[in-house]
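This is what each chain is made of:
There are 4 protein chains.
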Amino acid sequence: MGHNTLGENFCLTIFGGSHSKVVGGIIEGCPQGIKIDMDLINDDLLRRKPSNKYSTQRIEQDEVIFLSGLKNNTTLSSNITFYIENKDVKQEDYTKNLNLFRPSHCDYVYYLKYGQDNLLLKDMASARNTAIMVVGGSIAKMCLKQYGVKISSNIESIGGFDYEKEQDEIKKLLEDVYNEGDSVGGKIRCEIKNTVKGLGEPLFDKFSAVLAKNIFSIPSVCGFEIGDGFKRTEKKGSEDLDNWNNDFSTTSNHCGGINAGITNGMSIVFHVGFRPIGTISQKMKLISKDGVIEQREFGGRHDKCQIFRSGVIVESVAAMTMMDMILMNKTNK
Amino acid sequence: MGHNTLGENFCLTIFGGSHSKVVGGIIEGCPQGIKIDMDLINDDLLRRKPSNKYSTQRIEQDEVIFLSGLKNNTTLSSNITFYIENKDVKQEDYTKNLNLFRPSHCDYVYYLKYGQDNLLLKDMASARNTAIMVVGGSIAKMCLKQYGVKISSNIESIGGFDYEKEQDEIKKLLEDVYNEGDSVGGKIRCEIKNTVKGLGEPLFDKFSAVLAKNIFSIPSVCGFEIGDGFKRTEKKGSEDLDNWNNDFSTTSNHCGGINAGITNGMSIVFHVGFRPIGTISQKMKLISKDGVIEQREFGGRHDKCQIFRSGVIVESVAAMTMMDMILMNKTNK
Amino acid sequence: MGHNTLGENFCLTIFGGSHSKVVGGIIEGCPQGIKIDMDLINDDLLRRKPSNKYSTQRIEQDEVIFLSGLKNNTTLSSNITFYIENKDVKQEDYTKNLNLFRPSHCDYVYYLKYGQDNLLLKDMASARNTAIMVVGGSIAKMCLKQYGVKISSNIESIGGFDYEKEQDEIKKLLEDVYNEGDSVGGKIRCEIKNTVKGLGEPLFDKFSAVLAKNIFSIPSVCGFEIGDGFKRTEKKGSEDLDNWNNDFSTTSNHCGGINAGITNGMSIVFHVGFRPIGTISQKMKLISKDGVIEQREFGGRHDKCQIFRSGVIVESVAAMTMMDMILMNKTNK
Amino acid sequence: MGHNTLGENFCLTIFGGSHSKVVGGIIEGCPQGIKIDMDLINDDLLRRKPSNKYSTQRIEQDEVIFLSGLKNNTTLSSNITFYIENKDVKQEDYTKNLNLFRPSHCDYVYYLKYGQDNLLLKDMASARNTAIMVVGGSIAKMCLKQYGVKISSNIESIGGFDYEKEQDEIKKLLEDVYNEGDSVGGKIRCEIKNTVKGLGEPLFDKFSAVLAKNIFSIPSVCGFEIGDGFKRTEKKGSEDLDNWNNDFSTTSNHCGGINAGITNGMSIVFHVGFRPIGTISQKMKLISKDGVIEQREFGGRHDKCQIFRSGVIVESVAAMTMMDMILMNKTNK
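Protein chains in written order, with my numbering: chain A, 1123 to 1455; chain B, 1123 to 1455; chain C, 1123 to 1455; chain D, 1123 to 1455.
One chain only, chain A, in its complex shape (with noise of 0.2 Å):
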């Protein structure tokens, strides 16, 4: 198995990169006759696509093409490939400092693991592959229609700030970050409701565990909690339980649709955080191979707060984990 593919029955592997003439994906595992809605698949790449001025002013034409798996936009059951090509590329951005390491980016840790510092080897770390794991999700999102299943997002908090009640304070914040060329971080929280139960295997792929590492694999994420996460450490036990109703529901949702790594049937419920991106339109101290320091701006195009755009991506993740891990239920039975 290959370190580019996510899942192990519904699987993603992502192949090119944003330096490359494509970025895209095969999605394995897809069950049969599922009908793809392309405008579906366009919507959610537009939600991760630049919203407003805070967000990177590169132009994305993501447009997906596909190559194989589909007849009259219906699944097949074979491999479905498709692609987005890379039209927009202004090299010399990247160029022109592939002798300086940023800090807090993939340049120093690509030059130690591959010797080089590659233009095109970043193509891995490129939050362009994030748009191919939107396409799985949105994919994964039409098979869970049959299960009845729905997956949401929003954004909790920017730079600190609670999104719902703090809109001034984060207006204020965001235009500053703007003005002075800087990022900010913030969090999400996706819920999945009408999960299938008893997703989730007792000792080592349990839900939660399986989902925290495939949220993990989304570039920048800092922090990952399910239900009330870092909350619960806080509290006693008594405080803690969730108490069931006669049908099995319960009053409470503390544990975010998980006990002992395994779906209850309650909604899923996790928190995601989101560092503020490392690429800043201000002066920044750069090292060279031979540990020299040079302070300079780095220039490009990158977000001022990514977190418009990550609400989208999170649900994607977690709509291929959902069908990954059914999937893998079926084993059981």
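It cannot be assumed that every hint is accurate.
Same chains, same label: a pair holds when it works inside one copy or across any pair of copies.
[Claimed, not checked] Think about it this way: if two alpha-carbon atoms lie no more than 30 Å apart in a straight line, the pair counts; the simulated DSBU-like pairs of lysine-lysine are:
#, residue 1, residue 2
1, Lys-1209, Lys-1193
2, Lys-1315, Lys-1452
3, Lys-1175, Lys-1411
4, Lys-1405, Lys-1319
5, Lys-1358, Lys-1175
6, Lys-1175, Lys-1287
7, Lys-1315, Lys-1358
8, Lys-1357, Lys-1287
9, Lys-1209, Lys-1315
No wet-lab data here; the hints were simulated from the structure.
Given the coordinates of chain A, work out where chains B, C and D should sit on it, guided by the hints.
Here is chains B, C and D on its own, set in the frame of chain A:
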């Protein structure tokens, strides 16, 4: 690949369980010629055992018996198989309530998944499996010595109180919890020093992602953060950057030793949240298969505050993950 | 995934070995509620044991002890762990020649791979592991009953003589081999009747491919054929076609029940070649680590004609493969 | 892990198919800095193409387009993605008989497995995928150069006639087969020289076992032998031993370079049987979904004697297996 195995190259497969005759493990991929220090294993197992009145009073005779893989206490390259006998299982504690599902516990989801609420099935969910993780981790630590890697952990908070600064509040809380038959959650910080650089794969086997999955395999984990974790979501990019020193170390370590999913040589720092144990010595609402809710005490011996035992388990999983990623990385050379 | 595990969904992990205290196995993925008939397991183990003077005289007390996974001899969905003690290991037989490599044996390649010619490492190569395969296979056969699948085998040839038609020649050959302290090879035919249809994946997990791999895991296997096997290479396409009956069965079964890698419902028929055991009671040329060749007898107790024991091992691997592929196929639905 | 991937460390994932717009592949795990010689790839692809009137007349424009992973024709460590366009698909050849199942073909088993006999599903069974295997193998051969490994193959027999000694009989047979619109099987011998020693795992990832699986992934393979193969079943142990030379090479190579599943440094020799292609230009009995049998010619362009194309495919799978096992072996160090 079954669901009882942690890791791909350095793997621990768990067998048996708390209500079987034994609980045991098989380690594959352990390098040859590693001297196994039984005292260190026992020290780690002791750290996992009840150390005070706030932990469960169940006495566990954790003598590790090795069946294969060692000669003169040195590893041979073949599988290392070991087990711990279950001498002190009081089955009646568990059986008397078999037809009632506890809240926030494995009872209902196991019933959903396996169609019976069987005593022995609960083997798989038992915290007793963590003793096997500790043995595996202890051996992994011995393997890591040759790389200079050192792993340590500390309690960060209990019930929301800072473990360093709010000892008095914690003391009172624990006393209350003990007297009330309640439990309480907490948070562990773990640090891997002198880490091997360049570990982790760029796309779907990021070091952070694999570690997240493995940590979520520990029972009761509800949250996981790398480096400054969720605090990073509150910051601007300019505040979050880890600036270079001339030797490629950084002046801060907000990222917790991982950039773009790959280790950069700084200490790997992460945080793990543990929810309060759900089985408390208070009246709880239990539900029968028929949906009848009954309020009663469940009994059995359980942790008031498991966090005292959790550090060594977190370290163990971290150690096995490090070894696994070191071996994975060899295929890149 | 370690290298001690056969199968992905119905898996057998082997632990210990012939020179450890025990050799044992863990079965994962076994369906729930399967009644385990210990007599059938013992019958299969007896078929693997020396049945005549042509097989090794080493007495193996193959009593299977179960440690987990059963209640009232019925499977529970958790891991099924079992072992066989090694009561009768005469270590001196093996240790006295530790510094000499036998021809056509594991000694040299283990030295190459692990840098030492250690007694315990040879655990892994020992035919004793096949006892564990037989227990796994016996349990797989019990699982297959619900599908109506039946697996049988027969000896096709010994030393090149047809087992049905040339019994006299075989009798004389075996007598010669016995008197000369030599060994002889043979061929097994295995048939899986009432097979589940549609098993196997089109590209890289063809039923035939997975079966080939698993069969080649049996020590001393030197060849594998599906259906008419190599005889098909001598034929014209028009002679090789299996013509249809109206019920989609075929008038012949040249393809051995597999088309394009997928089971078609006809009996799966395959053939397995076993080379003669290399350790014979004659003077052999042994070589030391220093490249000094010495002619001497090696000693130990070994098979004159293992083929009498091989059928049940082949069946066992076939049974586990069937169960694994049945479970794999469920993820397609 | 999906079922479209060959290998665990050096992996080839195939996408698309013969009736899609493209058929392509992704290579992961390819070492960095390997110079890719496009001429060698094209040479290997030519060896797979129809070379005479006995092979299919279908013209395949096998121009390989690389999408990622190379810079200046040198590997970068990232995924290598490539494809071949399908320019010359005559869909009508295939579609006209869609509702009839050919004997000994994928039609019926695909119908069983996927519930429809769709043109595009047959993508997966198509021999066109072998072009992708050849590209993967050609690149693997380039990687193997640094180890000095050389892989070659030759036709051993066609229609049962020895390819070296019975050329006249073969010539006549092929003429007959051509005139009759029939096909014929054959046998390939493959040899891997200067092999890396110590490859393969003792228990369940034996070199021989992994190679057997991979070889059986090639369409139409019906048998596989290592070394002297089935001939060894006819011999006594004393005749089968490969005696030592002082340099640890052996005076014979009955075992085909593999002892106990692990490479010993002698050439790896193996034999592969190919059945005659089932689609012939004669009247065949076809069956409808309703069980009505009809005798008619099927049409399309197919191989009279694929064995001329098979050698390079076998070599390619052998080369990818070698690279995969070399990388796997690194995790043992």
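Worksheet item: Is it within, between, both, or neither for Lys-1209 and Lys-1193, if the alpha carbons may be no more than 30 Å apart?
Response: both (27 Å within a copy, 19 Å between copies)
Worksheet entry | Alpha-carbon proximity between Lys-1315 and Lys-1452, which holds within one copy, between copies, both or neither at 30 Å | both (20 Å within a copy, 25 Å between copies)
Fill in: Same-copy or cross-copy closeness of Lys-1358 to Lys-1175 [CA-CA at most 30 Å]
The answer is between: 17 Å across copies meets 30 Å, while 44 Å in one copy does not.
Practice prompt. Check Lys-1405 against Lys-1319 for me: Cα-Cα at most 30 Å, and say if that holds within a copy, between copies, both or neither.
Written response: Between copies only: 27 Å across chains, 51 Å inside a chain, cut-off 30 Å.
Worksheet item: What label fits Lys-1209 with Lys-1315 when the C-alpha limit is 30 Å: within, between, both, or neither?
Response: Neither: 37 Å inside a copy, 43 Å across copies.
Worksheet item: Is it within, between, both or neither when you check Lys-1175 against Lys-1411 at 30 Å Cα-Cα?
Response: Cα proximity of Lys-1175 and Lys-1411: none, with 35 Å in one copy and 55 Å across.
Discussion item. One pair to classify: Lys-1315 and Lys-1358, alpha carbons no more than 30 Å apart. Within, between, both, or neither?
Written reply: within (27 Å within a copy, 33 Å between copies)
Fill in: Intra/inter-copy verdict for Lys-1175 and Lys-1287 if alpha-carbon distance must be at most 30 Å
Within. Shortest intra-copy distance 22 Å satisfies the 30 Å Cα cut-off; inter-copy 43 Å does not.
Discussion item. With identical chains, the pair Lys-1357 and Lys-1287 could be close in the same copy or across copies; at 30 Å between alpha carbons, which is it: within, between, both, or neither?
Written reply: For Lys-1357 and Lys-1287, the Cα distance is within 30 Å both inside one copy (25 Å) and across copies (18 Å).
The earlier numbered hints that this structure contradicts are 3 and 9.
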